[in-house]
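Engineer: Residue numbers (our numbering), protein chains in the order written: chain A, 1 to 71; chain B, 1 to 286.
Some hints could be false.
As the list claims (entries may be wrong) - Only part of the chain B face toward chain A is listed, based on derived beta-carbon distances under 7 Å:
(1) Thr140
(2) Val144
(3) Ser147
(4) Ser148
(5) Thr271
(6) Gly272
(7) Gly273
(8) Ser277
What the hints assert, rightly or not - Derived lysine-lysine pairs resembling DSSO-like cross-links, with alpha carbons at most 27 Å apart:
(9) A:Lys42 <-> B:Lys185
(10) B:Lys118 <-> B:Lys286
(11) A:Lys35 <-> A:Lys48
(12) B:Lys265 <-> B:Lys286
(13) B:Lys286 <-> B:Lys185
(14) A:Lys52 <-> A:Lys35
(15) B:Lys265 <-> A:Lys35
(16) A:Lys52 <-> B:Lys185
(17) B:Lys185 <-> B:Lys265
(18) A:Lys48 <-> A:Lys58
(19) A:Lys35 <-> B:Lys118
(20) B:Lys118 <-> B:Lys33
(21) A:Lys35 <-> A:Lys58
(22) A:Lys52 <-> A:Lys42
(23) A:Lys48 <-> B:Lys185
Unchecked claim - Quick list of the computed label-pair ranges, beta carbon to beta carbon:
(24) B:Ala55 <-> A:Glu44: 45 to 51 Å
(25) B:Trp249 <-> A:Glu18: 56 to 62 Å
(26) B:Thr210 <-> A:Thr24: 30 to 36 Å
(27) A:Thr24 <-> B:Thr138: 47 to 53 Å
(28) B:Ala63 <-> A:Asp22: 44 to 50 Å
(29) B:Trp237 <-> A:Lys52: 22 to 28 Å
(30) B:Gly191 <-> A:Glu18: 35 to 41 Å
(31) B:Trp237 <-> A:Ala43: 55 to 61 Å
(32) A:Glu46 <-> B:Phe215: 23 to 29 Å
(33) B:Ser148 <-> A:Lys52: 27 to 33 Å
(34) A:Thr5 <-> B:Phe215: 28 to 34 Å
(35) B:Asn246 <-> A:Glu46: 18 to 24 Å
(36) B:Ala55 <-> A:Thr4: 50 to 56 Å
(37) B:Ala94 <-> A:Glu64: 55 to 61 Å
I should point out that these hints are in silico values taken from the structure, not numbers from a laboratory. The structure displayed is predicted, hence computed values, not measured ones. Glycine is no exception: its CB is placed at the ideal position from the N, C-alpha and C atoms.
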Amino acid sequence: MSKTTPQIKEVNCETGEEIVRDATSAEIAQMEIDKANEAARKAEEESKATAKAALLSKLGITAEEAVLLLS
Amino acid sequence: MAKQTFTTGQVLTAAQMTSLQQTAMLGGAASAKTASYTLVAADAGTAISMSNVSATTITVNTALFAAGDTVQITNLGAGVCTITAGTATVNTSASLALAQYESGTLYFTSTSAAIFIKGAGAAAASGGMTLINSGGTTLTGASVSISSIPATYNNLQLWVLNFKPANDGENLSVRFNDDSSSVYKNETGTGTNMNMNNDRLYMSRGQDNTVAQGFSYLEIWNYANTTSWRVSQITAWGNNETTSTNGNWLDYAGVYASTGTAINKITILPTGGNFTSGTAYLYGVK
Numbered sequence: 001m002s003k004t005t006p007q008i009k010e011v012n013c014e015t016g017e018e019i020v021r022d023a024t025s026a027e028i029a030q031m032e033i034d035k036a037n038e039a040a041r042k043a044e045e046e047s048k049a050t051a052k053a054a055l056l057s058k059l060g061i062t063a064e065e066a067v068l069l070l071s
Numbered sequence: 001m002a003k004q005t006f007t008t009g010q011v012l013t014a015a016q017m018t019s020l021q022q023t024a025m026l027g028g029a030a031s032a033k034t035a036s037y038t039l040v041a042a043d044a045g046t047a048i049s050m051s052n053v054s055a056t057t058i059t060v061n062t063a064l065f066a067a068g069d070t071v072q073i074t075n076l077g078a079g080v081c082t083i084t085a086g087t088a089t090v091n092t093s094a095s096l097a098l099a100q101y102e103s104g105t106l107y108f109t110s111t112s113a114a115i116f117i118k119g120a121g122a123a124a125a126s127g128g129m130t131l132i133n134s135g136g137t138t139l140t141g142a143s144v145s146i147s148s149i150p151a152t153y154n155n156l157q158l159w160v161l162n163f164k165p166a167n168d169g170e171n172l173s174v175r176f177n178d179d180s181s182s183v184y185k186n187e188t189g190t191g192t193n194m195n196m197n198n199d200r201l202y203m204s205r206g207q208d209n210t211v212a213q214g215f216s217y218l219e220i221w222n223y224a225n226t227t228s229w230r231v232s233q234i235t236a237w238g239n240n241e242t243t244s245t246n247g248n249w250l251d252y253a254g255v256y257a258s259t260g261t262a263i264n265k266i267t268i269l270p271t272g273g274n275f276t277s278g279t280a281y282l283y284g285v286k
């Protein structure tokens, strides 16, 4: 299976020129960094959500009841 | 219809009568120009439109028009169109420069002098908005950049309609000036001692990859200043990635904690994969 190069679109407001080009190697490297960072961010979010659900369960209240409690 | 001298017994055609009627009713098609232009005698009594992304001029010379002649000029292009006195004199109480969608009338007081009466236009006066990326930009590929953003506005507004990622549940996000370092933060409510640990601003909270009916809004205040952080408001609703008839919502205060350079480039990108569709409109706000 062939791997396609990510495409980058650029619009210049001054000239109105619009181009679509292959991503450079630096841009592809940045995409890999972004991918890892996003995975870490999502994992952290999921971890927080799991911890929150566990705490609510331990307290025996719903999320809505927790909001009410803190309002 | 260009001004002409009619003679006794001359027969007018239906097309000429229609054109005369349009002129009398201040309508009719404008003579479309796409490059700088010097007025000719036949332009008397007609309308001229200019369309160019770069600056253009309309030059006015003597001995072509009579007192009482008028020429309507409208600028449709993003580049400023300036009425320029060639050999004739052109006076105005306003500006001779027409920004996009501005219009004015040259009224000749003699064969060698004209007054330019500038009308109200749709270009941004105080409180107005101007679409910077003419026609909007379709979101495709891995990212879309809008560059050479003029520094002439107070604020920028970015509207993204119907963003659809190739991968289910990806977020819409933006970066400024190709800066992918951790100098961004998205937060709700209040906070203290916040760590700038985001490498972008988020403009959606997940998005379905089959149905796209969402709207994401970002306003960046004082984007061209170079001495303080650029603060923004982000509001968005999009289709939930599991149940697309349900909505995902966000309302962030965003910050780009960087100084030194005006924001002149915005890169729009999904948090992973490619765009399937969507349209971005970048407005300058005065």
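Engineer: Verify the CB-CB distance for Ala55 of chain B and Thr4 of chain A against the hinted window 50 to 56 Å.
Structural biologist: violated (40 Å)
Engineer: Do the beta carbons of Trp249 of chain B and Glu18 of chain A sit within 56 to 62 Å of each other?
Structural biologist: violated (32 Å)
Engineer: Identify whether the interface hint at Gly272 of chain B stands, where standing means a beta carbon of chain A within less than 7 Å of its own.
Structural biologist: The hint holds - Gly272 of chain B has a Cβ within 7 Å of chain A, the shortest such distance being about 6 Å.
Engineer: With the threshold set at 27 Å, check whether the alpha-carbon distance from Lys52 of chain A to Lys42 of chain A stays at or below it.
Structural biologist: holds (15 Å)
Engineer: Checking hints one by one. Is Gly273 of chain B an interface residue toward chain A, by the C-beta closer than 7 Å rule?
Structural biologist: violated (9 Å)
Engineer: Please check whether Ala94 of chain B and Glu64 of chain A have a Cβ separation lying inside 55 to 61 Å.
Structural biologist: holds (59 Å)
Engineer: Does Ser277 of chain B meet its interface restraint, that is, does its C-beta lie within less than 7 Å of any C-beta in chain A?
Structural biologist: violated (13 Å)
Engineer: Tell me if the beta carbons of Glu46 of chain A and Phe215 of chain B are separated by a distance inside 23 to 29 Å.
Structural biologist: Given range 23 to 29 Å: holds, Cβ gap about 27 Å.
Engineer: Using the nearest Cβ pair, does Thr140 of chain B come within less than 7 Å of chain A?
Structural biologist: holds (6 Å)
Engineer: Quick check on the hint: Thr271 of chain B CB to chain A CB, less than 7 Å?
Structural biologist: With a closest approach of 5 Å, the Thr271 of chain B hint holds.
Engineer: Are the Cα positions of Lys265 of chain B and Lys35 of chain A separated by 27 Å at most?
Structural biologist: holds (22 Å)
Engineer: Given a hint of 30 to 36 Å, does the C-beta separation of Thr210 of chain B and Thr24 of chain A actually sit inside it?
Structural biologist: holds (31 Å)
Checked against the numbered hints above, the structure breaks hints 7, 8, 19, 21, 25, 27, 28, 31, 33 and 36 and satisfies the rest.
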